[in-house]
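Asks: Residues per chain are reported as follows:
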Amino acid sequence: MKLPCVVKKAIECLDDRDINVIHTVCLGCNARCGLRCKVIGGHVKEISGNPYHPYNRLGSPIPYGTSIRDSINIGASTCGKPLEIDGYCFNERRILVPLKRAGKRGEGKFEPISWEKLIEEISEGGRLFAHIGEDRHVPGLRGLLSDEPIDERLPWLGSKRNKFLFLTGRLQSGRKEFIDRFVKSSFGSINRIGHTDICGLGFRMGNFAFTEGRQVELKADPWNAKYIIVFGANIYEALQPGLNTYGATLAKRHSEGQVRFVIVDPRAQKAGCHAHKWVKIMPGQDGAFVLGMMRRIIEKESYNIAYLQAPNEDAARALGNGAYVNATHLVIWEKGHPRYGRFLRMRDLITRDRGEKDDYVVIDELSGLPCSFREVNRARLFFNGEIDTSDGRRIRVKTTFQIVKEEAFRYPLSGFARLCRVPEEVICEVADEFMANAPYSATCQYHGAGNYVNGTYAAYAIAMLNAFSGSIGRKGGYLASGGGFGSWKNGRYKLNDFPGKRHPSGIRISREKAKFEGKPPAKRPWFPFTKGGLCVEALSGVDEAYPYGIDVLFLYFFNPVYSIPGGRRFISTLKDENKAPLIVSIDIGINESNIYADYIVPDVTYIEGQYGWLSPHAPGFRFTGLRSPAIEPVTKSCDDGRPFCLETFLIDLAKRLDLPGFGQRAIPVVGEKQDQMQHLPLNRAEDFYLRAYANICESAGNIEPDPEATRFVERNYPVARFKDILRKDEWEKLCFALARGGIFQGYEKGFSGSIFRYGPKRFVLYNEVLAGLRCSITGKKFWGSLRYVPPVYSQNRDYPFVMVSYKTALQTQSRTIWHKVAIELHAENHVEMHPEDARALGLGDMDKVRIISPWSKKGVVGLMKISDRVRRGVVAISISYGHSQLGAQSLWIKDASKAVLGGAKVCKANEVIGNKGLGQGVNPNRLSALDPHFHNTPLVDLVGGIPDFSSSCVRIEPYAL
Amino acid sequence: MESNLFSRRSFLKMSFWAIGLLSGGDVAMSMKGPWPSYAMIIDLQRCMGCEACVVACKIAQDTPYGVFNTIIAGFKDKFSEGPDLFMPLLCNHCEDPPCQKVCPQGAISKLDNGIVVTDWGLCDGEGLCVKACPFNARHLDPRYSFRSAKCDFCVERLAKGAVPICVETCPSHARLFGDLNDPLGEFKEYLDKGGLFSLGKKHGLDTRVFYAGLSFSENRGLLSK
Chain U
-18 MKLPCVVKKA IECLDDRDIN VIHTVCLGCN ARCGLRCKVI GGHVKEISGN
32 PYHPYNRLGS PIPYGTSIRD SINIGASTCG KPLEIDGYCF NERRILVPLK
82 RAGKRGEGKF EPISWEKLIE EISEGGRLFA HIGEDRHVPG LRGLLSDEPI
132 DERLPWLGSK RNKFLFLTGR LQSGRKEFID RFVKSSFGSI NRIGHTDICG
182 LGFRMGNFAF TEGRQVELKA DPWNAKYIIV FGANIYEALQ PGLNTYGATL
232 AKRHSEGQVR FVIVDPRAQK AGCHAHKWVK IMPGQDGAFV LGMMRRIIEK
282 ESYNIAYLQA PNEDAARALG NGAYVNATHL VIWEKGHPRY GRFLRMRDLI
332 TRDRGEKDDY VVIDELSGLP CSFREVNRAR LFFNGEIDTS DGRRIRVKTT
382 FQIVKEEAFR YPLSGFARLC RVPEEVICEV ADEFMANAPY SATCQYHGAG
432 NYVNGTYAAY AIAMLNAFSG SIGRKGGYLA SGGGFGSWKN GRYKLNDFPG
482 KRHPSGIRIS REKAKFEGKP PAKRPWFPFT KGGLCVEALS GVDEAYPYGI
532 DVLFLYFFNP VYSIPGGRRF ISTLKDENKA PLIVSIDIGI NESNIYADYI
582 VPDVTYIEGQ YGWLSPHAPG FRFTGLRSPA IEPVTKSCDD GRPFCLETFL
632 IDLAKRLDLP GFGQRAIPVV GEKQDQMQHL PLNRAEDFYL RAYANICESA
682 GNIEPDPEAT RFVERNYPVA RFKDILRKDE WEKLCFALAR GGIFQGYEKG
732 FSGSIFRYGP KRFVLYNEVL AGLRCSITGK KFWGSLRYVP PVYSQNRDYP
782 FVMVSYKTAL QTQSRTIWHK VAIELHAENH VEMHPEDARA LGLGDMDKVR
832 IISPWSKKGV VGLMKISDRV RRGVVAISIS YGHSQLGAQS LWIKDASKAV
882 LGGAKVCKAN EVIGNKGLGQ GVNPNRLSAL DPHFHNTPLV DLVGGIPDFS
932 SSCVRIEPYA L
Chain V
30 MESNLFSRRS FLKMSFWAIG LLSGGDVAMS MKGPWPSYAM IIDLQRCMGC
80 EACVVACKIA QDTPYGVFNT IIAGFKDKFS EGPDLFMPLL CNHCEDPPCQ
130 KVCPQGAISK LDNGIVVTDW GLCDGEGLCV KACPFNARHL DPRYSFRSAK
180 CDFCVERLAK GAVPICVETC PSHARLFGDL NDPLGEFKEY LDKGGLFSLG
230 KKHGLDTRVF YAGLSFSENR GLLSK
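Listed in order, the protein sequences are those of chains U and V.
Just so we're aligned, residue -18 is where the first sequence starts under this note's numbering, counting upward by one.
Just so we're aligned, residue 30 is where the second sequence starts under this note's numbering, counting upward by one.
Next up, chain V with everything else stripped away, as it sits in the complex (with noise of 0.2 Å):
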């Protein structure tokens, strides 16, 4: 099986500087295709690391032994002394899938709604995008002749009407899915606020997956002796 960030052990650790600052106005620019333009906003002063997410991802798409579409990783702020954040790690749907551009088969497309998929009928499972993708977010399915997947927002329960199942179980709504065009609720008010940083920018990568919540609060001065 192909060596894949999202394993078990593997737990990411990225610094502040790891990642780029967005403003609301690239927020704006992210948004390509007609509607609906999918987009997730992971609160980082919300997440408490319990994981649910995770098994519920697992149980659902039931991806191979050791391996999994969402992972938590610790987060290290460099401006708080206090224990590690937790950071939801995902497939981050660029705009310009690097995976998409290394498949010799074209098996792997950006629709419209601004979700990255594959299609396994044409996946030949050569796994050129598990290595093409920056954030290791893809991986091999053995039990499928080796045909890549990954996080695809859960695009059969959106075609219901439902929310990607790492957003319906997050207890602490620390996940919200919303559509870029037409915001709604607390996803609207998240980019309103603005502040949103994503994975992306250090890749020069415009991605749909954004998190808020970075030490900003005014709760982050723990106590260390």
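Bound-form chain U, shown alone (with noise of 0.2 Å):
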């Protein structure tokens, strides 16, 4: 019998001779997933999971001990973006060389460049476009090696190397401290700004001020939470764990009946067919909900007391928690004081011979005298009164429980649920059962939380949630993150020390964390409390030259003009050689923002290199992955066989430049003797990476050699020929790490009974540091706790609907476009609407319609789609279509075929042949709302500069020429 298998050779991957085996590490997206990839001649045939990885295996893991060979007859679940693979790296638009622009900026015009010229002229600047008609002099990299202040009269803006701009997209560890390497320690500039902001900066806010700036990622335990709020988390198609871990757990334990869980959002969601609730709600009205559920909750006196009377770490431990809440902390409550809303120290009461000066003071439970928070175990959860100090003075003082509770007093519980268009008993129910289910109810919260102006205080409210049920860290609760194994810098091969590292200072071109100075209002936003990574404020400082203007931009694995909420306003900074003189793109194809960059250096794939050491996501789990190589790079090479990639790039410019810290004597290493140092050389990626996995399987422990896995790495891995950069018990230890993907651990290893051992150990109801600043705009100081901040949104006759924006499971931002099957699955998104509003409309599903918002009058043509899984008032487009690059138009490139993949397949002569398939479907982005107040730049909060995706109004038209 011909079975259709056999003649389209669907067997290939079952016949285990010619078939390499690798365990790596995803980067579908930043969920960070294992994967077995099964590689014949060169390409990646079949992807699964890595069943020593938790992530793979809905938390449990293969025993990290398990031999190789029978891990390999044990399956592992990934989702559905890294099985396209093979189809993503060998796309045909892949760029194979680097290109310099031979056209005006976003003209499409590019041509091939030599490797030594890329590096000459991005090295010495000149007048490297004198031949296409422009008679400027482009600045090089070593015109701002100089130790001279950008300006004399401010020299605390730093050097003149701090005019040196690097911005990472899709950045992991690994690269992150190759790139820091280079940019920071080594050129000596400040600015290397990730991209946290438009990642999801609002709920990491929240958590930012609750932590104390400690962790900014925590999430519901979905292992053994038994009730779970979700805030705007995409927990069926996207989130970090991904669907593979986080979704499918819960869906797992969903149809067992051992957790139920309750959606916060204006969608649905596709985990709406499976949740307890949908709480309709309106965007950027979580923090309404929440107060309205504290209110209930504290009205019902239904909170977990014994959890929020424990003041310090012993007396939460003895609870079974592995953190405990300031709730009974007392905060200085006495206008005119000098340290009004600070909190109340020991130093400030009249006698205390026991406690220390700055311990926080408390009320004990039963005696009721201020005492210590270290002395008690439980203290009064409410106090509004006076105290007698030391100075003489009788002031007030309040539990920050009282200043939670009088906030969330502030509006009837009708008026919280006017304001987020819940009903009142919903709430009311979603905070009983909540309780009821104390500690075993937790909130989830990820990039609908709070990603929008003064999203912090919705964020910090959600996050709050959880003192409340007393779930902080403990099982089944809200947790952190493990955290990973070893260390990648200490160990025998010092990575984060070499002769002649710098230490840049100054002011970064976002202003993040950093204290405005001067008198309100400041030209642009200063952002003293945030977790930081701002890119939108760094191109808006681009644009505006403040607080100075830059000369060389990088971007890398970037595309901010489709990615930004209102991107397209970067449009006008990138194409003006004044504001950006140089700019430097590296990435795997030519995007909506590297179209105006001058140079593009071509870049590997996760597949190719993209080494790095992944540790888990929050919450539960302790674990470092490894990413290694599954095939050789696609890309061209030097004469010397390194690939041209990011690392190539960044080595060969610091050695031009003379740069610290690469080329010959780069490294210091431990000699045999324990006091020799000696140095070693940074010439390709593998001398960084490799000796960082050393460090790290060293100082993780419980890592022995193992002839099964040396043996395995060997013959399958492309890593293995580099093998000769460590000693040979590094390597085999390596090894035994490699053949599994990295260092794994059990769940159940992360706690001790019910109590979490890592993540932070103090949370605060009031964060004095954010209480204790002022805006840079209003001058007004910020508000330090809970309380209720209205949306900046308001929708009218004009512009009647809130727009949202979401990941579908198949896509990942812009890079994903690639992806064949997702495309030929779903060609584009639809603009979602509820089906009584479209009937209001007249429109019907499947109709075109043109969405128009007041920033793009024009606006943007799509297909509606009239679904009940989106609340009435709100439209939803999914992310990741709309693309305008990336294939999607015909590109100008000299010799075409030999600098992209597809070579003659795609290219006629100096043409790269646009394909409409890829430019299909819409752009929420391109409608989002701009700031009239800060010349019309991206809308970003003014407390930690979150982008904002849920403020933008739109309205729809039917489609008309």
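Just so you know, not all the hints are guaranteed correct.
[Stated by the list, open to error] Derived contacts from chain U toward chain V, CB cut-off under 10 Å, selection only: (1) P(-15); (2) K(-10); (3) S29; (4) C60; (5) K62; (6) R117; (7) G223; (8) T226; (9) G228; (10) S236; (11) A252; (12) L791; (13) Q794; (14) V802; (15) A803; (16) R850.
Hints are computed from structural coordinates only; laboratory data are not their basis.
From the three backbone atoms N, C-alpha and C, an ideal C-beta is built for every residue, glycine too.
Assembling the complex is the task here: the two chains are given apart, and the hints tell you how they should meet.
Replies: Given below as structure tokens:
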């Protein structure tokens, strides 16, 4: 019998003779699942999950010591994204050689340039575009290697080195440390800025305030919680851990009746099909819903009083929690007092012979007397009274829970219900169920929670709910990540230390983590209290040359014009040679942003390189995934064989510029005798990463050489050809970890009883640092605790719908448009609207419509999808579609077929032929609100610098030519 | 190309009444062949609609553009006011396959293990089987002289001791695969629990794809105001 699978050779991956099997880490999104790659003839023919990795087996990995032979027959899951890796890596439109602009910025004309010339021109600058009629001197990197101040009158801005700005898109540990080595430690610029803001700064800011900056990601434990409220986390389609882990665990446990989850979202999401409740909230109103819940919980006195009353870590541990919350700590609430709004400390009290002088003060539950928070196991939750202090004054103090209560009682329940447009009884039901399941009830918030102006306060409130249920730091509760194993930089190889290392200083172009010292309003906002990674404000800073202008802009794996809400505003910034005199992009293709670059440097994908050590997201686990290539790089290479990629590029720039930390004497290593330091070279990517891996394996403990693992790696892994970089014993240890795709441990090892071993040990309901800072624009003090802050949008007759965006399960941001099966299944996205709203507008399913916003009067055209999964008054549009580049349009590249991977398949002479199929659908970010107060740059929040994803109003019209 | 409900634009929506409930006894009835007797159980209370299985199947089985051996359809549960459930669809591996009956070449066989397969050495691409299938599970492949194909439970993987690729890929373990003659683990638990339903009943067919988890969970009360 001639079966189709035999004819089509579907069987080849099951024939083990010529297959290489590699365990590595995915980068289909940033969730960090493991992968098992089966490689035949230089192509990844089959992908499945890595059974050693907890993320691929719903949190239950096979024991770490399992032999490779035994593991091979054990399956593990992935989502749909990595399955498309071969089509992504070998996409016809990948660039293989460096390109130099050959027309005006954005015109879409490039020509190949030799590697040597690329390095020379970017290093030295000059009249680089004279041949196309640009008579300007382009600054090179060398011109910025000066310790002179940018501005002599403002020396605190830092040196001219800061005029080199390196913006990073999808960056992970590994390449992050490598880029920081180049930009910060070697070049000496403070401006290596990530994209945390558009990644989801809102919910991170809530946790940032809650943990006093210790940890920004915490989530409900899906493995043991009984009741989870999901705020703006798209659990069946996205999130980190991804749907392969978090969503799948909840789906499975839900089917077994072990957990109920509530979706608080303007969209039901796919998870709506299994949700216990879908709370159809208005965008930006999460805070109102949570404050309503809190009011209900306080009125019913159903909060977890034992947990809230525990004033220190020991008292919390006695209850089975890994951390305490400062609900009982006293805050000075006396107007005019020099420390008004600060915590009361023991030194403020008259006579105390116990406790440290800086200790926080609580009221002892039993005696009713003030004492150190360390002294008692239970303290008063509510206190609003006067206390005698050591300076002879009698001052008013309040517990932080008292402050929270007053804010929760600022509006009646009906008021909160009206604001978030959720019925009062729903708020009560969710509050009652949440508390009935305490301490196995927790919240899971992600991108959608707080990713809007004033979102810090909404996200802070959502985080605080976990103090009410007392689930913080315990099994089934609100958990941080357990972090990674080992240290990449400390060990035999001193990877973060080298002769001539620089310590950059000054003010970042994004003004993050810096205090504005002048008289408000500042020209643009400053962000002293933020997690940082403010790429939007960095680009706005570039646009306005504030606080200074930059000379050289590098973009790594970053498509800001596409990915930032209102990112199109930066087209004019990138086009302007005065604002960004030299733009270099490092990427795998030509996108909506690097179409404006002067140079594009080709890079490798995660299956050919992108080494990294990946620790888990919250919640719960502790591990370090190790990424290593499954196939050899596809890009062209230098004469010495090194592939064109990020690392080769930065190394060669550093060597040309004589920067420290690269080249022959770059990496200090402890010699055979402990006191001897030698120096090893850093000439290729592996010189850095393999030594980091060796450090990690050495410091992780419990990793011993194993001949089976060494044989497995040396037979299967491309990285094995670099084994001589390490000592034999180091290489063999590393093989143990590489063969398993990293260093992993099971869920239970993260706990001691119910207590989570890792993460912050203290949480605050009142953040005195935040409360002590002033807004650089209004000059007013920030509020340091729970508060309802209204969203900034206002729907009106002209723009009656609030727009929200989301990710679908088969897409990640912009790059997955190259995933061919995903596009085959879903050629485009839709404008999703509630049936009643559509009826009122006379629109039908699949009607062609124009979506118009105040910021895009021409709007964009898309197809309508009528869906009862979207609440009324809201339209939802998924991200990843609506491209104008990445192949959607034709480009002029000299000798195109030699520059892109598809060659003659997609090129004709000097043209890479566009494929309209790559440009289907709409990009919601094209419609997003801009801020008229700040030169129409994208709207950001004034507390943490959160870009706004939820405040853009639109109208929908039938499409007419 | 023949039209085919498993192509990307044709998401099926079936009502609860369109499918028959199958008791545990019926499952026993469908155990005809000698050991092993393969079947799939899909729990709709686990399926996230993420389409990982669809992508995995597409890549492993290399179906023609726009055609899939398995898709995820929306499933409207009339007893629930909430959004649709997700319902994976694939060849049901009928006990008495209508596709087999109409094939003049005798290219379609019902294997002893229950799997319905097509012999491309005999198939002439006439396509009667495509029209005969009540589930629209078949397609003709223009790249191979329009020969007929469909899901065959990844027989090549079964032969090597692996499970079908959709089962291996499924993150939430919504798809369970096993041997009706020797059921193990969760597959057995679902059989023992009963309450499974199949799409075949409506057409008077016994099939080997069973569904579990239709709105009997208490988690069905979604708010709609």
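Asks: Now tell me, hint by hint, if it's right for this structure.
Replies: Quick rundown of the hints versus the structure:
no.	hint	verdict
1	P(-15)	5 Å, holds
2	K(-10)	8 Å, holds
3	S29	6 Å, holds
4	C60	5 Å, holds
5	K62	8 Å, holds
6	R117	48 Å, violated
7	G223	8 Å, holds
8	T226	8 Å, holds
9	G228	6 Å, holds
10	S236	4 Å, holds
11	A252	7 Å, holds
12	L791	6 Å, holds
13	Q794	17 Å, violated
14	V802	5 Å, holds
15	A803	7 Å, holds
16	R850	5 Å, holds
Checked against the numbered hints given earlier, this structure breaks hints 6, 13; the rest are met.
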